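Novice: What follows is the residue order along each chain.
There are 2 protein chains.
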Amino acid sequence: MRDLRTVFEPKSIAVIGATTNPRSLTNITFLRQLIDFGYPGRLYPVNPHADQILGLKTYASLQDIPEAVDYVICALAASKAPRIMRECVAAKVKVVSLFTAGFSESGEEGAALEREVVEIAREGGVLVLGPNCLGVHCPKAGLSLEGSIARKSGHVGFISQSGGVSSQMIVALAEREIYISKLISLGNAADLNESDCVEYLGQDDDTHVIGAYIEGIKQPDRFLSMAREVARNKPLVVLKGGTTPAGAGAVRSHTGSLAGSRVVWEAVCRQAGIVGVTDLAELTDTIEAFTYLKPPKGRRVGIICVGGGFGVLAADECMNAGLVVPEFPPEVKAKLEKCTPLAGTGLRNPVDTTPNTYTSPENLAATVRAVAGWDGIDVLIVAFPTTLAIKTGQQYLIDGLRAVIEAAREMGKPIVIVLSTYNFAEGEIRAWELQKHCFEQQAPSYFLFGQAARALDHLLSHYERVAREPLR
Amino acid sequence: MRDLRTVFEPKSIAVIGATTNPRSLTNITFLRQLIDFGYPGRLYPVNPHADQILGLKTYASLQDIPEAVDYVICALAASKAPRIMRECVAAKVKVVSLFTAGFSESGEEGAALEREVVEIAREGGVLVLGPNCLGVHCPKAGLSLEGSIARKSGHVGFISQSGGVSSQMIVALAEREIYISKLISLGNAADLNESDCVEYLGQDDDTHVIGAYIEGIKQPDRFLSMAREVARNKPLVVLKGGTTPAGAGAVRSHTGSLAGSRVVWEAVCRQAGIVGVTDLAELTDTIEAFTYLKPPKGRRVGIICVGGGFGVLAADECMNAGLVVPEFPPEVKAKLEKCTPLAGTGLRNPVDTTPNTYTSPENLAATVRAVAGWDGIDVLIVAFPTTLAIKTGQQYLIDGLRAVIEAAREMGKPIVIVLSTYNFAEGEIRAWELQKHCFEQQAPSYFLFGQAARALDHLLSHYERVAREPLR
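As given, the protein sequences belong to chains D and C, one line each in that order. Following the numbering used here, the numbering of the first sequence begins with 44 at its first residue and continues without gaps. Following the numbering used here, the numbering of the second sequence begins with 44 at its first residue and continues without gaps.
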């Protein structure tokens, strides 16, 4: 296994290509961010034409720095990369992160240049990130590639061949109170690749869930066995880019990778136990489920919602995602009769309760207890129409959320919240606010039943597989 | 064809079950809403224990009203329905909308009661809506079942077996500046059914697109031939509830309908030319596409976005939805080179432009003209990352949206906007704001590429079918 400690926790960093122009992309993306994020190591801008950049003493070249730097970020043009790499070898640098583009993604000439640079690095014992990458986000070590969020460490490891996707995931997860342990933007992955990262994060104690956006697999056999090994211990949730001919074409000019077909990818997922997802939203949703949910004992879901039509659609979504929606026995119906007041609403699964129930946290909690108390149910999905917050005020729903989550816990059943937004702005804005109250209580929440059902299916599939193939 | 003029434009309405309690559901759902919506006809509350309700003279019974009322809304208990229906027949009422639940959806006894009521009505020449329904929304005539929006008429006809779905659709469409021509909440559809409504809306000049949420088809053969007839002229976009066993179970206790299987439903869609959608969001998205887009000549899409990974995923989403993402010829690349400045970004389809391009509406418009000017492209999808609005201010993006939409129009190509939100609250809130600027200029906008691609596929499928089977 490649030792990536220096990749994620370098004691010193040099930025080659930093400039005195404060609007320079290199400064904003790297130097500024490291300073703002409170990087605790030593930071060296390198530029032969400046004495000081962003208040830091600046060096004309790598050789002038009074120590062997752990980690170099290089943002110079591709043509200069071989020279810089030789200088890094000479200066005993351990890791070089090449932000520079214009390598294998730009055609044959770039591919040859990429091979040359990697060869120099390997011979000299330097580990290369990229090229064409943003490098590393590791809040514990003060490294960041996304400056808009707080420096908080969490338990999600992430591997990405896209810098943009890396940034988006960091932000989208932080919105859900989920934080990164170690993230790596791999770019063209010419040296360090996805197999190395899966292997490393697989044994990293800070990482409980691994997410990935991958465009091409560099070492298919190794990846398959590595993923299979890791997926026995940790969920490995992967979005594969380039599963269509048009996507594969875009992959070639993005990271120079060979994307392969969807059929092959789906076979890899099945064989390795990878949780394959179809878009970025599902990737976030699934990581959220793995972060907040204890594994349910089975697929039998109890649904509580309001509105007969919405109940019908919720049941369809759950079954389409492979969940089971069992009929309630008479004793559950008898309990429900006491807490879901109106005639004409269904004392069945899905429970179609009334809008009024949501103004009584006690009734809501009693409804949840009636359903969750039955041993024919493994997990609950409870919908909250956020439009009610507009009519009755938000506090009712906040109290209701708390009551419902507590009631499910009391009965020992995992719970998923659906904040139904009615698909319009005010409803969505309320949902974003209410969501925080779910996360505070460690309950996952989604805006659509389909999202909740698919995330649950992914969670269950993982744990079913682990149970089938016990850990060695 | 059943004459539904009185259903949608009654000259007088009586509400049986209105009360002096201002918080009564019947008052809020019907009487209050009709007053607020400015219903121009004569309005008669009926209640033997009150002289006046909400400022309106109140009658002890239907017989006391000094005219033959066109339309009666009844909110009394199911057991009273046969008596009320006889009174309606005697009073020469034309339409009775039964809000009352407790009929076929509640079991055998309710089903028998439902048959009895419908029989009385049919013998007496009264048309019945429901039971278990909300009735009609027709802004032109001042009828509404959703009070939260302005009284605006549009061109979407809607048929729904769920009152909740009716309300949601009215609100979600209004958010997109799309308004209803005629909407009918059918409930159990014991008398007036979905085939009647499809037939009527099919020939209604105010209705250009028909949407529907249907749980069970009452007259399958008639529905199939009716839908086939109508779909030659107007898109018929249908969400079917109860396509799984659990959903079908929920349907029985919601509207007492027989739901049928997904396989059968999909066959009906193919045979009739129905645009079948899988959830409420897709229903809204598809109606939006039919409302704002002129039919593209074909499936060849030009994509402009920012971020290599996002381009890869956009291309995958488009191909997965059955769109074609053609390679650009050299002359398009040559034009792009002048307006997409950075090396390393793709001069290909999808165009991976730079964040900086979005601060120059001229460059953005030039990019669109370069792509749309090529006759190998039928339709454009242009992404705007709403997070840029947070960094650079919203005005850049508003100017950019206008420039891009104008440029596409200039080149005679339809355009779809994707407001990429990065899946977090601030991004989504910006997207909801920016969306308004798209609708102002009659361009559809979505938050995800997958949504845009699937809506485009539905639009194209409809027009391809119409072209294959020319209108008679």
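One or more hints might be untrue.
Unchecked claim - Ranges of calculated distance between the beta carbons of each label pair, as one might list FRET restraints: (1) C:G341 / D:H92: 32 to 42 Å; (2) D:R158 / C:E449: 54 to 64 Å; (3) D:S304 / C:R508: 21 to 31 Å; (4) C:A310 / D:S304: 23 to 33 Å; (5) D:K183 / C:D418: 46 to 56 Å; (6) D:H92 / C:E449: 14 to 24 Å; (7) D:E151 / C:T397: 17 to 27 Å; (8) D:R271 / C:E152: 50 to 60 Å; (9) C:G419 / D:D94: 31 to 41 Å; (10) C:P83 / D:K381: 43 to 53 Å.
Unchecked claim - Below are the DSSO-like pairs computed for lysine-lysine, each with C-alpha atoms no more than 30 Å apart in a straight line: (11) D:K123 / C:K123; (12) D:K434 / C:K479; (13) C:K381 / D:K479; (14) C:K381 / D:K123; (15) D:K183 / C:K434; (16) C:K123 / D:K378; (17) C:K381 / D:K195; (18) C:K195 / D:K123; (19) D:K381 / C:K123; (20) D:K434 / C:K376; (21) C:K376 / D:K100; (22) D:K434 / C:K378.
Stated by the list, open to error - Away from chain C, derived, C-beta distances all over 12 Å, residues of chain D: (23) V208; (24) R305; (25) L323; (26) L366; (27) E370; (28) P398; (29) N399.
These are calculated hints, taken from the structure and not from any lab test. No experiment lies behind these values; they were computed from the predicted model shown. Backbone N, C-alpha and C fix where the C-beta goes; we use that ideal spot for every residue, glycine too.
Novice: Each of the hints needs a verdict: does it hold here or not?
Specialist: Now the hints, each set against the structure:
1. Between C:G341 and D:H92 the beta carbon distance is about 54 Å. The supplied range of 32 to 42 Å is therefore violated.
2. A C-beta distance of roughly 46 Å is found between D:R158 and C:E449, which places it outside the suggested range of 54 to 64 Å.
3. At about 29 Å, the beta-carbon gap between D:S304 and C:R508 stays in the expected band of 21 to 31 Å.
4. Between C:A310 and D:S304 the beta carbons are some 29 Å apart, a value that agrees with the proposed interval 23 to 33 Å.
5. With their beta carbons about 55 Å apart, D:K183 and C:D418 fall inside the hinted range of 46 to 56 Å.
6. Look at D:H92 against C:E449: about 44 Å separates their beta carbons, and that is not inside 14 to 24 Å.
7. Judged by the Cβ atoms, the range 17 to 27 Å given for D:E151 and C:T397 holds: they are separated by roughly 24 Å.
8. A hinted range of 50 to 60 Å for the beta carbons of D:R271 and C:E152 is consistent with their spacing of about 58 Å.
9. The hint said 31 to 41 Å for the Cβ distance between C:G419 and D:D94, and at roughly 54 Å that hint is violated.
10. For C:P83 paired with D:K381, a C-beta distance near 46 Å keeps the hint of 43 to 53 Å intact.
11. Taken as a hint, the D:K123 and C:K123 pair is broken in the structure, with Cα atoms around 88 Å apart against an allowance of 30 Å.
12. A distance of roughly 24 Å separates the Cα atoms of D:K434 and C:K479; the hinted pair therefore holds under the 30 Å criterion.
13. Of the supplied pair hints, the one linking C:K381 and D:K479 is violated, its CA atoms being roughly 46 Å apart against a limit of 30 Å.
14. Distance restraint check for C:K381 and D:K123: the Cα-Cα separation of roughly 25 Å lies within the 30 Å cut-off, and the hinted pair is therefore satisfied.
15. Restraint check for D:K183 and C:K434: the C-alpha separation of about 26 Å stays at or below 30 Å, so the hint holds.
16. This hinted pair checks out: C:K123 and D:K378 have alpha carbons roughly 29 Å apart, not beyond 30 Å.
17. Distance hint between C:K381 and D:K195 is unfulfilled; the C-alpha atoms sit about 42 Å from each other, more than 30 Å.
18. Between C:K195 and D:K123 the alpha-carbon distance is near 63 Å, which puts this suggested pair outside the 30 Å criterion.
19. Our distance criterion of 30 Å between C-alpha atoms is met by D:K381 and C:K123, whose separation comes to about 25 Å.
20. Taking the CA atoms of D:K434 and C:K376, the gap is about 54 Å. The hint is violated against a cut of 30 Å.
21. Proposed proximity of C:K376 and D:K100 is contradicted: the alpha carbons are some 43 Å apart, above 30 Å.
22. The suggested pairing of D:K434 with C:K378 is violated, with an alpha-carbon distance near 53 Å, which exceeds 30 Å.
23. Chain C draws D:V208 into its interface by the beta-carbon criterion, the shortest separation being 4 Å against a cut-off of 12 Å.
24. A cut-off of 12 Å between C-beta atoms contradicts the statement that D:R305 is not in contact with chain C; the least separation is 8 Å.
25. Its beta-carbon lying about 7 Å from the closest one in chain C, D:L323 breaks the requirement of being farther than 12 Å from that chain.
26. At roughly 9 Å from the closest C-beta of chain C, the C-beta of D:L366 falls inside 12 Å, breaking its exclusion from the interface.
27. Under the 12 Å C-beta cut-off, the non-interface status given to D:E370 relative to chain C is violated; the minimum distance is some 7 Å.
28. Taking the minimum C-beta to C-beta distance to chain C, about 10 Å, the non-interface status of D:P398 is violated against the 12 Å cut.
29. Some Cβ of chain C comes within 12 Å of the Cβ of D:N399; the nearest lies about 9 Å off, and the non-interface call is violated.
Violated hints for the displayed structure, listed by number in ascending order: 1, 2, 6, 9, 11, 13, 17, 18, 20, 21, 22, 23, 24, 25, 26, 27, 28 and 29.
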